[in-house]
Amino acid sequence: MAVIRDVMPDFELFQPASTDDAVALLAEYGSDAWVLAGGLDSFDWLKDRIKRPKVVVDLSQIPELRGVRESDGGGVEIGAMTTLTEVVRDPTVISKFKLLADAAEAAASPQIRNQGTIGGNVSQDARCWYYRSGFPCYRAGGNICYADTPVGMNREHAILGAERCVAVSPSDSAPAMVALEAQMVIRSSRGERVVDAENYFTNPGIDITRMTVLQPGELLTSIRIPGTWAGTEFYFEKVRDRPVWNFPLVNVASAKVVSGGTIERIRIVVNGVAAHPWHLKQVEDAVAGKPLNEETAEMAGNMAIQGAVPLRFNGYKLPLMRNLVKRSIRGTMEA
Amino acid sequence: MHFIQWATNPWGQSVPIHIVWALIWVAAIAGLAFVVTHAIWIRFFAKPEEFASSTPRYPIPKEVKRHSLAARLFHWIMAASMLVLLFSAFLPKIGVQFNWITWHWIAGLVLIASIIFHLFHATFFMDFWSIWPDRIDIRDAIRRGLRMAGKPAPLPEKFAKYPFENKMYHLAIVFAGLSVAITGGFMLFRIHTPFLTRNPYLFSDMTWGLMYVLHGLAGVGLIALITVHIYFAVRPEKLEITKSMIFGTMTREFYLEEHDPARWDVSEQPSAEPLESPLVDPERGTV
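Chains as they are written, first to last, in the working numbering: chain L, 267 to 601; chain S, 53 to 339.
Do not rely on the hints blindly, as some may be mistaken.
Cut-off 25 Å, straight-line C-alpha distance, at most; resulting in silico cross-link-like pairs (DSS-like, lysine-lysine) [claimed, not checked]:
(1) 592/L - 313/L
(2) 290/S - 213/S
(3) 145/S - 320/L
(4) 117/S - 290/S
(5) 145/S - 317/L
To be clear, the hints were calculated from the coordinates, so they are not data collected in a lab.
Could you put together the complete structure from these sequences and hints?
Here it is in structure tokens:
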């Protein structure tokens, strides 16, 4: 059980001034190192003594990890340490990728967005309270999911793709990244690798203790958004318990190209329903070429929840997800 | 060094959750160390094995049937499922990530089914006791040990159907295999399968924890056991035994060299070419 204290535990703090130095530190300390971005997820873990790294590598002093840069092909590259507020206010992001600006603005509160980073937001850990309380669940390396038991409190948990652990990805910007076909740039002492956003988020069947493919020693340095969906029709909606500030119960991000009343191409991603942003590929295939009308939206909503298995307390997520997907097709919040 | 990972459950109880995964490497290194040591021993130090002479009192078939088709199918199905189980269990622990759980539980069900079949088959259709060590095996093992150490001891007798080492290996596999199969069978209640209603509260956290520890210990034990098994299967002097597990038979020469016709009676076996005078080897005299 978590021991909540107001003071930070003892660890060695490094504040590298360059990405190379940060990567070298992460290579040296491996799984003993903790990457600190905005600190909003990290400080909970550290002060609660649930995670006990020997070394913390603070990225706040690395200028090259910040900022939004336009890239070839009409895309942008966003440094992982760019704050959510900077993303929300960036003119290029607003003009080309409003979906991401809307998603980032839906995250948390203004104060948190000023501090929280885009890299931290997409890479944040699960909010399952059993896990965050320090219980020895699957995600913590144990052998049980306390949320997926007959009396488990699982109102916020997964309805799709659960594999032993039923925690969900709580990120608002993550589904937008997948919808925009973003690429995550990862550095380590072995070099650089670029992973599609869709593959950046892992699932518990593959690695039950991680939310992303980042391994010890690796650092997310930037996010590349190609121009593929720049300036298309976007839709982002987030449903949460308190509209002023909360994690999503379910959110949806979509980008679509409509021509003559027909959906030419579309990307729809839902989050808060699975351990990773849930890309509705089959729904996209089904609605492509169909007229943009109520019938298509209805079909998409119904298809989206095929295969969903609600837990004891989260059956409400089925109609919620269905309706959010319908709205994402319509492009309006109207019922 | 700690062998078990402990944790505190929501009720404040300290419970074991699994073995320490470093034991994977301990088992792998132990298995490989045995292989290397044995290979060096055989190559440079071991003397040829000597047995007391035995005289067959009936014609020995040219090809001696050792394993029925059913027994061979069981062996290879069990071997395949065991390898899938080991790889799906331990590769993710050493960094090879894939969706292992489905492979693992399906292979586990195959293993359980094959064990149930084997128990039935061995009890009612095979010589059940032929694989268990008897008094002669233990006496001869002591004799062989003494002779290996250069101490005086009578010659051991030739083996029955299975050599003593084979029997001891079977015994170890019985314990390890049943441990993983029984604990794994209960673990099916912890995951979603089409066959069982999931019930993670079937046992207390302590019982579950001990079950995971036993499953893990037997699992890493199997890493070493199977490494050793594969090693012996490919050793030149054991190839006849390996071939018998593929084709079902071993040659008359190998049979007479290692096995005592009095302890493994093959007189009932059909023989296409009965040996006219099987009892005398011109090189070694009476065998």
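Assess, step by step, whether the Cα of residue 290/S is no farther than 25 Å from the Cα of residue 213/S, and give holds or violated. Cα-Cα ~14 Å, so holds.
Are residue 117/S and residue 290/S close enough, with their CA atoms no more than 25 Å apart? holds (16 Å)
Can you confirm whether the C-alpha distance between residue 592/L and residue 313/L stays at or below 25 Å? With Cα atoms ~41 Å apart, residue 592/L and residue 313/L exceed 25 Å; violated.
Has the given pair, residue 145/S with residue 320/L, been kept, meaning a C-alpha gap of at most 25 Å? holds (22 Å)
Taking only the CA atoms, is the gap from residue 145/S to residue 317/L under or equal to 25 Å? holds (20 Å)
Going through the hint list in order, the structure does not satisfy hint 1, though it satisfies all others.
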